[in-house]
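Participant: Taking the hints into account, I'd like the entire structure generated from these sequences.
Note that the working numbering has the sequence shown beginning at 47, numbered continuously upward.
I should point out that these hints are in silico values taken from the structure, not numbers from a laboratory.
Some clues are possibly wrong.
Unchecked claim - Simulated crosslink set (DSSO-like; lysine-lysine; CA at most 30 Å straight-line):
(1) K249 / K300
(2) K269 / K300
(3) K140 / K159
Said to hold, decoys possible - Label-pair distances were calculated between CB atoms; the ranges are:
(4) R274 / R193: 14 to 22 Å
(5) G188 / Y115: 50 to 58 Å
(6) A310 / L77: 41 to 49 Å
(7) P106 / P76: 54 to 62 Å
(8) W100 / R193: 48 to 56 Å
No residue lacks a Cβ here, since even glycine has one placed at the ideal position from N, Cα and C.
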Amino acid sequence: MPTTPMPSRASQGSLACVGLGMTLGSHLTPLARSHIMQADVVFAGLSDGIVEMWLQRMHPDVRSLQSYYREGKSRFTTYQQWVELMMTEVRAGKRVCGVFYGHPGIFAWSPHKVIEIARAEGYAAHMEPGISAEDCLYADLGIDPGRFGCQHFEASQLLLFERRIDPTGYLVLWQVGLVGDRSLARFQTGPAYRQVLVDLLSKDYPLDHEVIVYRAATLPIQKPRIRRVALRDLPSIELTAEETVVLPPAQRLKPNLAMQARLAALDEQENAGVPA
Numbered sequence: 047m048p049t050t051p052m053p054s055r056a057s058q059g060s061l062a063c064v065g066l067g068m069t070l071g072s073h074l075t076p077l078a079r080s081h082i083m084q085a086d087v088v089f090a091g092l093s094d095g096i097v098e099m100w101l102q103r104m105h106p107d108v109r110s111l112q113s114y115y116r117e118g119k120s121r122f123t124t125y126q127q128w129v130e131l132m133m134t135e136v137r138a139g140k141r142v143c144g145v146f147y148g149h150p151g152i153f154a155w156s157p158h159k160v161i162e163i164a165r166a167e168g169y170a171a172h173m174e175p176g177i178s179a180e181d182c183l184y185a186d187l188g189i190d191p192g193r194f195g196c197q198h199f200e201a202s203q204l205l206l207f208e209r210r211i212d213p214t215g216y217l218v219l220w221q222v223g224l225v226g227d228r229s230l231a232r233f234q235t236g237p238a239y240r241q242v243l244v245d246l247l248s249k250d251y252p253l254d255h256e257v258i259v260y261r262a263a264t265l266p267i268q269k270p271r272i273r274r275v276a277l278r279d280l281p282s283i284e285l286t287a288e289e290t291v292v293l294p295p296a297q298r299l300k301p302n303l304a305m306q307a308r309l310a311a312l313d314e315q316e317n318a319g320v321p322a
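Facilitator: Structure representation (structure tokens):
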């Protein structure tokens, strides 16, 4: 009698990490919704309890990841636990969907890691992008990153490593409310830590330079939160980990005359019919 071949390991469990976007409901793509609806189990790493309740209306088995955070507990330990929780269900042969606010691959270690592990073990794994806080920032603040250029740094990384700042373009600093935290166990650092950041930035920006403190809207009834303060005042204002600090250009673009001359010479060669 013919026998039915056993399904391969890779054909059993599967994983999709999708982005819910920033604003509840309006940013969810049809493909991300499909991954959620077709999953056997959904894990939720979201920014708001209301958003989590909304997700629970879409699927009967939504498991929150938020409870694994603890004050004084390393966030890296929490993120490792998230990975193991999702992989346990994938290995059990289930279709797993990890749902994360914004874009699942931006400031999110766990989605990248769990996809890496799943693929290494032979399971189908996919990341579906979502609208991120960066996307909302460009729209809400009217910034075109292609006009002057745009640098993005995690604020603590800017302090802990030697990075080169270009004050002729936009500078976007993420997680300033946590700047200087090397323990990964705190949810906020105080004014003295932000003063260290201001001292570093003051090498490239005047202290009266206007900076923008931004937070995207997460609910349809909300508006984005936008505050403008002088750089020197950054340590003295309240700042959450969700808020982003944007420094507009402080200097004009400086023409590179040598490169312009070189390109002009190439143009002349082409116009004369000489191959460049």
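Participant: Confirm or reject each hint.
Facilitator: Verification of the hints:
1. The straight-line distance between the Cα atoms of K249 and K300 is roughly 18 Å, inside the 30 Å bound, and the hint therefore holds.
2. Between K269 and K300 the alpha-carbon distance is near 37 Å, which puts this suggested pair outside the 30 Å criterion.
3. With a C-alpha separation of about 18 Å, the suggested pairing of K140 with K159 holds against the 30 Å cut-off.
4. Take R274 and R193: their Cβ atoms lie about 19 Å apart, and the range 14 to 22 Å holds.
5. Judged by the Cβ atoms, the range 50 to 58 Å given for G188 and Y115 is violated: they are separated by roughly 34 Å.
6. Between A310 and L77, the C-beta spacing of about 47 Å keeps the proposed range 41 to 49 Å intact.
7. At about 21 Å, the CB distance of P106 to P76 disagrees with the hint of 54 to 62 Å.
8. Separation of W100 from R193 is about 36 Å and departs from the stated range, judged on CB atoms against 48 to 56 Å.
Consistency note: the structure conflicts with the earlier hints numbered 2, 5, 7, 8.
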